[in-house]
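Protein chains in written order, with the working numbering: chain A, 36 to 395; chain B, 36 to 395.
Everything labelled a hint here was simulated from the structure, so no lab data went into it. Since the model is a prediction, treat every value here as computed from it, not as a measurement. Treat the hints with care, since some could be wrong.
Because identical chains share one entry, a pair is satisfied inside a single copy or across any pair of copies.
Computed cross-link-like contacts, DSSO-like style, restricted to lysine-lysine with a CA-CA straight-line distance of at most 30 angstroms [unchecked claim]: (1) 245 with 140; (2) 290 with 345; (3) 345 with 79; (4) 140 with 79; (5) 250 with 150; (6) 79 with 139; (7) 250 with 140; (8) 345 with 250; (9) 150 with 79.
This is what each chain is made of:
Number of protein chains: 2
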Amino acid sequence: MSRVYNFSAGPAAIPDPVLDRIRHDIPDWQGLGMSVMEISHRSKEFIAVAEQAEQDLRELLAVPDDYSVLFPQGGATLQFAMVPLNLSAEGQTVDYVQTGSWSKKAIAEASRFCKVNIAADSSDENFTYVPDEDGWRRSEDAAYLHICGNETIAGVEYPFIPDTGDTPLVSDMSSTILSRPLDVSRFGIIYAGAQKNIGPAGITLVIVRKDLLGKARSLTPSLLDYAVYDQSGSMSNTPPVFTWYVAGLVFEYLKDAGGLVAIAEVNERKAKKLYAAIDASSFYSNPVREDCRSWMNVPFVLSDAALDAKFLDEAAAAGLANLEGHRSVGGMRASIYNAMPEAGIDALIGFMQEFERSHA
Amino acid sequence: MSRVYNFSAGPAAIPDPVLDRIRHDIPDWQGLGMSVMEISHRSKEFIAVAEQAEQDLRELLAVPDDYSVLFPQGGATLQFAMVPLNLSAEGQTVDYVQTGSWSKKAIAEASRFCKVNIAADSSDENFTYVPDEDGWRRSEDAAYLHICGNETIAGVEYPFIPDTGDTPLVSDMSSTILSRPLDVSRFGIIYAGAQKNIGPAGITLVIVRKDLLGKARSLTPSLLDYAVYDQSGSMSNTPPVFTWYVAGLVFEYLKDAGGLVAIAEVNERKAKKLYAAIDASSFYSNPVREDCRSWMNVPFVLSDAALDAKFLDEAAAAGLANLEGHRSVGGMRASIYNAMPEAGIDALIGFMQEFERSHA
């Protein structure tokens, strides 16, 4: 089979030109007679890769100079522990906003290390919106406030950046990072697992304001201390060189595509088109409040769930892969990250309309 | 340039057939129309990869049924923290044997969480041997005893498995794992970073006796708790799918090559040949006690260090790459893991003899 349109929520599609480049570079990268998988992270060739990746990422997101860019392992899930261990003292209060499955997981892990105050919660309407900032019940003395910028499972994205004043704002942006420009200066820490818009699973992007470094609890394992990454260029131990290199190729690809302003235009068009098709139909529906609908993850249900399996089978046969919703919620989900071309959205909409005509 | 003989200590060479297979599988793996980098870890196709990798690894090392095989991230360095956090109580005594740079690093991290007793130490002779077991000063009540089975930098390998009785024996085998058969039943925990004999950096192999699971300290981050990996098939969070898949290809390659008995024969021949060439010369030397010489990492120095740069330049020009010793010790080091063919050793020896003739 040739390449399909891959709607996987993550690990997700990687741009075709990046895959072509990976193939080209194996087995002989840069004329060195070896692949990038087989090279020391301390070689000048790899250090150049790492430096270029950071520079490109900084350029894409306009990361201010007083922020460090780190590349630990462990994905967003390890950040659920690293954030409280680095920013709070034992028993200190921290604020979390609960908007879905991923913020719930972050809260569960943080609760082991801190006193978590749920400042706002949208479980009353099945996590289909982001609570308005006015109503948040923030603590006086929270070490930080944590949000999940985009809930991958329910497809809910923040339509605003909360104003937390002097309290550092921390955001899990795993499934929205690099999808549009972002005012990094509003955040204390931004983190993201790679496997949506950055590259293969196995590396994590952390952007941290430098004044928040060096505050880890005394018994924090070294590899869970942001300062260790900051001081070593994320090379205090052997980093995942291949994964880092692919992330660098993705950053280069995004720059070549015109940067995040251009990427955001396409992403907005893709998302609006798909939501419009869902809303125009009585066969498909998406329950998320309109201003909070994610540009990256578009869940939808069929009016007759008995047709789900048939929908998925026929979609797969039409080259539209991985449309099944998360196992915790069922239904469908189209994850349409940067690597999903607009033609993939058009193909999906065409298929959905045809399926509705045949089965509604 | 075509493929070179790559003597990198790690990330190290990967067998050519494995690289060919990786190239073949991008961009269309198993006819799915996507690469393995782009597929959910919860897909049946990837779960089959993970299960096969575990089964092949179990077969290669004859892992007994009362051991779990785990694949965390973070490399051996994260294990330096995970071992004490999972096996010891705060302030409890643990025994470590210090035979070089890597055991020193393990000790430094463990000392943050436990009372470390150095049961034996070969720093008196610049880490060129493993102290005889008779003289070890073990604690009565150590939670475990930790060794580094092969010191990658000085090229020192244990010629025996210590008998620790009821005290669990823990070994960092990053640079010796899969180089020869191993009696796993003698260990409580074996761990290894992937980037020598397993695959690309970014995944870790942990083999743990099941009775040692579930004892992590209460404030251990979830992703540092062995039990979490055991209960979830190492998928409590998104694992590095591509890296795991490559590790599986390497295991398959080793099985096809006849398993570890066959691999060990080749490795022994490669190492003996290289040490013999060094010993036969008065121009090259290796300081390690003969019975402790590593099969995987062969450090050597030139009698005139002023020729080091010339040696490295000419070696590289002859297609013999990455022979520079570790920055902490200088000199040369040939890392000759499983992926280094015997022809590479022959080429290196030929080059060394020719260089000696021209420059001695």
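Original post:
What hint numbers does the structure not satisfy?
Top reply: The structure conflicts with hints 2, 8 and 9, although it agrees with all the remaining ones.
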